[in-house]
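Chain by chain, the residues:
There are 2 protein chains.
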Amino acid sequence: MTTPLRLGVAGLGTVGSGVIGILQRHGDLLAARAGRPIEITAVCARDRARDRAVRLEGYEWEESPAALAGRDDVDVLLELIGGVDGPAKAAVETAISSGRDVVTANKAMLAHHGQILAETAEAAGVALRFEAAVAGGIPVVKTLTEGLAGNRVIRVMGVMNGTCNYILTRMQGAGLTYEEAFSEADGLGYLEADPNLDVGGIDAGHKLALLSAIAFGARVDFDGVEVEGISRITIEDIRQSADMGFRIKLLGVARITERGLEQRMSPCLVPADSPLGQLEDGTNMVVLEGDSVGQIVLRGAGAGSGPTASAVVSDIVDLARGVRVPTFGRPANSLKKIPRSKSASTARYYVRMQLQDRPGALAKVAGVLGDASVSIDRMRQYRHDTATAPVIFVTHRTNQEDLETALSGIETTDVIEGKPVAIRIEEV
Amino acid sequence: MTTPLRLGVAGLGTVGSGVIGILQRHGDLLAARAGRPIEITAVCARDRARDRAVRLEGYEWEESPAALAGRDDVDVLLELIGGVDGPAKAAVETAISSGRDVVTANKAMLAHHGQILAETAEAAGVALRFEAAVAGGIPVVKTLTEGLAGNRVIRVMGVMNGTCNYILTRMQGAGLTYEEAFSEADGLGYLEADPNLDVGGIDAGHKLALLSAIAFGARVDFDGVEVEGISRITIEDIRQSADMGFRIKLLGVARITERGLEQRMSPCLVPADSPLGQLEDGTNMVVLEGDSVGQIVLRGAGAGSGPTASAVVSDIVDLARGVRVPTFGRPANSLKKIPRSKSASTARYYVRMQLQDRPGALAKVAGVLGDASVSIDRMRQYRHDTATAPVIFVTHRTNQEDLETALSGIETTDVIEGKPVAIRIEEV
Chain L
1 MTTPLRLGVA
11 GLGTVGSGVI
21 GILQRHGDLL
31 AARAGRPIEI
41 TAVCARDRAR
51 DRAVRLEGYE
61 WEESPAALAG
71 RDDVDVLLEL
81 IGGVDGPAKA
91 AVETAISSGR
101 DVVTANKAML
111 AHHGQILAET
121 AEAAGVALRF
131 EAAVAGGIPV
141 VKTLTEGLAG
151 NRVIRVMGVM
161 NGTCNYILTR
171 MQGAGLTYEE
181 AFSEADGLGY
191 LEADPNLDVG
201 GIDAGHKLAL
211 LSAIAFGARV
221 DFDGVEVEGI
231 SRITIEDIRQ
241 SADMGFRIKL
251 LGVARITERG
261 LEQRMSPCLV
271 PADSPLGQLE
281 DGTNMVVLEG
291 DSVGQIVLRG
301 AGAGSGPTAS
311 AVVSDIVDLA
321 RGVRVPTFGR
331 PANSLKKIPR
341 SKSASTARYY
351 VRMQLQDRPG
361 ALAKVAGVLG
371 DASVSIDRMR
381 QYRHDTATAP
391 VIFVTHRTNQ
401 EDLETALSGI
411 ETTDVIEGKP
421 VAIRIEEV
Chain Z
429 MTTPLRLGVA
439 GLGTVGSGVI
449 GILQRHGDLL
459 AARAGRPIEI
469 TAVCARDRAR
479 DRAVRLEGYE
489 WEESPAALAG
499 RDDVDVLLEL
509 IGGVDGPAKA
519 AVETAISSGR
529 DVVTANKAML
539 AHHGQILAET
549 AEAAGVALRF
559 EAAVAGGIPV
569 VKTLTEGLAG
579 NRVIRVMGVM
589 NGTCNYILTR
599 MQGAGLTYEE
609 AFSEADGLGY
619 LEADPNLDVG
629 GIDAGHKLAL
639 LSAIAFGARV
649 DFDGVEVEGI
659 SRITIEDIRQ
669 SADMGFRIKL
679 LGVARITERG
689 LEQRMSPCLV
699 PADSPLGQLE
709 DGTNMVVLEG
719 DSVGQIVLRG
729 AGAGSGPTAS
739 AVVSDIVDLA
749 RGVRVPTFGR
759 PANSLKKIPR
769 SKSASTARYY
779 VRMQLQDRPG
789 ALAKVAGVLG
799 DASVSIDRMR
809 QYRHDTATAP
819 VIFVTHRTNQ
829 EDLETALSGI
839 ETTDVIEGKP
849 VAIRIEEV
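Those protein sequences? They're chains L and Z, same order as listed. This note's numbering applies: residue 1 is where the first sequence begins, and numbers increase by one. This note's numbering applies: residue 429 is where the second sequence begins, and numbers increase by one.
Simulated from the structure, these hints should not be mistaken for lab results. For every residue, glycine included, the Cβ atom is placed at its ideal position computed from N, Cα and C. Check before you lean on any hint, since a few could be wrong.
Here are some of the chain L residues that sit facing chain Z, going by a computed Cβ distance under 7 Å [unchecked claim]:
| hint | residue |
| --- | --- |
| 1 | G70 |
| 2 | A149 |
| 3 | P307 |
| 4 | R330 |
| 5 | I338 |
| 6 | S341 |
Construct all of the structure, not just a fragment, from the sequences and the given hints.
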């Protein structure tokens, strides 16, 4: 096979420029690996006049992504525009209906429309690939879809938003408040135009929904992901959980229990000396657990031009080599609708509250916990110069309902100030 | 494609039984993922009478691996026998010449004969795959061959022998001597029949040679790997390198410099707080560095029935899906003979010696180091009740020739007892 594979590149931002850069720099290397040349036929972007980091001479310019997707001299559309709907989705739909393969980095589009797009692509006999959509340069989609294909997957976990991990790491390491760390990340250009996509856990939740589909053969169900961001995390929680031997991470967890598919993207405590606990700054980490392979940990850059472009190019090389694997590892129309199960699995919890400094206060709180069947593993009361003392409990394994009963019970006692804060401890 | 993929399983030890177990347990799951059923036609092993962990009813029994490989009703030979030559290689050669695909877990055979076997397989149009041969359950062959296909690879590093890492971790954590930790590992059944394959670094060296070929497009050159085992590592080195902030690991490193291909499997110091430094017990870790992706770290079980079988089955599912990628990521006959370059790259070194406790002794040693252009980053002299004091130097970056000049110079002074010990510090 020496016919070139011809690409149309829609979107010339950070990722698009990165991909073009790799293709220009490594043409011979890629051809040797793919067994055939890989060429760019045409490109398109919103603003033609803008200066870009790469040369575009020799490529045709198309006015719209959809027009690019429908060109006869394009075998593969690279959709590097972004956005849930709009031109990105229109271009992908045109490519599929015109019989072109698609490589995309668009987690938001796939989290919302991946199920139907994959079904349409498979019905049309074209590929829809998205390695770059999850955890940047880490080849986690390939690892899960192909590398662990012999396993019943037990659990998927991941720190998949580098910005959140940067903020939490700065709070931990430099003692910044959430607001200070957020401003710092903003100043460094780490935040999306809508910061809630990052700190609200939505971007990472998109990624988790895609991994869940592969891992458990489930229809993509982003609405089934319990998403909670990091904005409620205080410096006290960071400090006191560290004192108990934990780190706080925005952690995605997906698992199947007898009650259904549990998908959560939320702040969790993990042991400080675990690989997840030791993950610093903007790095991503995904932990995959299979019944035969045990635990596989993947770590790498989750964002940035080079890493994301690396993932896009790996999809392109696969297509050039003739590798065809269903988008989610099995035919999309065979993915099952698995009932949602909100936090069905039991967990230990970290619980923090401000307790009034008077006789019987602790007994009252401990009594409420006991009445709700929440049993205490460890407790610490800290020194204080105020009328209330910070008190931390680490519970034994309990279910979320019992914990919530206990928390409301504690809130209605007259011995605490404000609300108790609870954060799940994920065993890793 | 609903024609079954038919397997012949040669070797029914830990790995073979593990593979059969997965195929029996997960038949439906694998068929859904592969798009077709995967079946075992026939098996063979040295001893038919032996009790095995899996049921073998329904499979034909062949008297020899080669006979199994040549059967008309076998599409893929699973070579799970082991050994550089002998029945394993004969069976693989028969499979190739009979037009059957091959999946093997045999690193020793591939390190020695992988080049010619891959060329023969590619000429015959059959696949030769070996995910299970390197780092057990970690899909590192796939990650390097496919996941990082868009990268010029800069460096490959890995802790790929769990037994050595177990011994070093026990010396570090429990204060055991090398001999004590070795005996403990032996008692746990962690050592190969010839322990030198493990502690001599040979097994891990085989794996490194295979990764090098993929990473750098180089012909497989195990003889070009500088191999040094862990038996010279003393408890003093473990303790004093820890005191300097390091851990000692049997670390494989392969990189290209302007002088050629450098491949080493040897004890190295790595920062205690790096992912490699934190790796405990029998776990494996591979660090891949690409020009676009940066550093990708993969961690998981490097041995054992389940993890190794998981890797074998991932190769099988790929073949069932019709995925065909050259054994080393590009045609084997296009792999280049790259000149060997023994430790061409500079490094910092840890140097330990027993220095006589008399005036001018330290000055003499420091003078020799300076004369050889080896400059000192840090130095510690430890308390002692004897006539000589343990002294540790950490040098700045130096090349190996200068270091060796310095070491011989130090040895010929009259101020040290015994020989100085040097261990390379790998920047990670």
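For each hint, the structure was consulted:
1. G70: At about 26 Å, which exceeds the 7 Å cut-off, the nearest Cβ of chain Z leaves the hint on G70(L) violated.
2. A149: holds, 4 Å
3. P307: With Cβ-Cβ at 5 Å, under 7 Å, it holds.
4. R330: The hint holds - R330(L) has a Cβ within 7 Å of chain Z, the shortest such distance being about 5 Å.
5. I338: Because about 14 Å separates I338(L) from the closest Cβ in chain Z, which is outside the 7 Å limit, the hint is violated.
6. S341: Since the shortest Cβ distance to chain Z is 21 Å, the answer is violated.
Checked against the numbered hints given earlier, this structure breaks hints 1, 5, 6; the rest are met.
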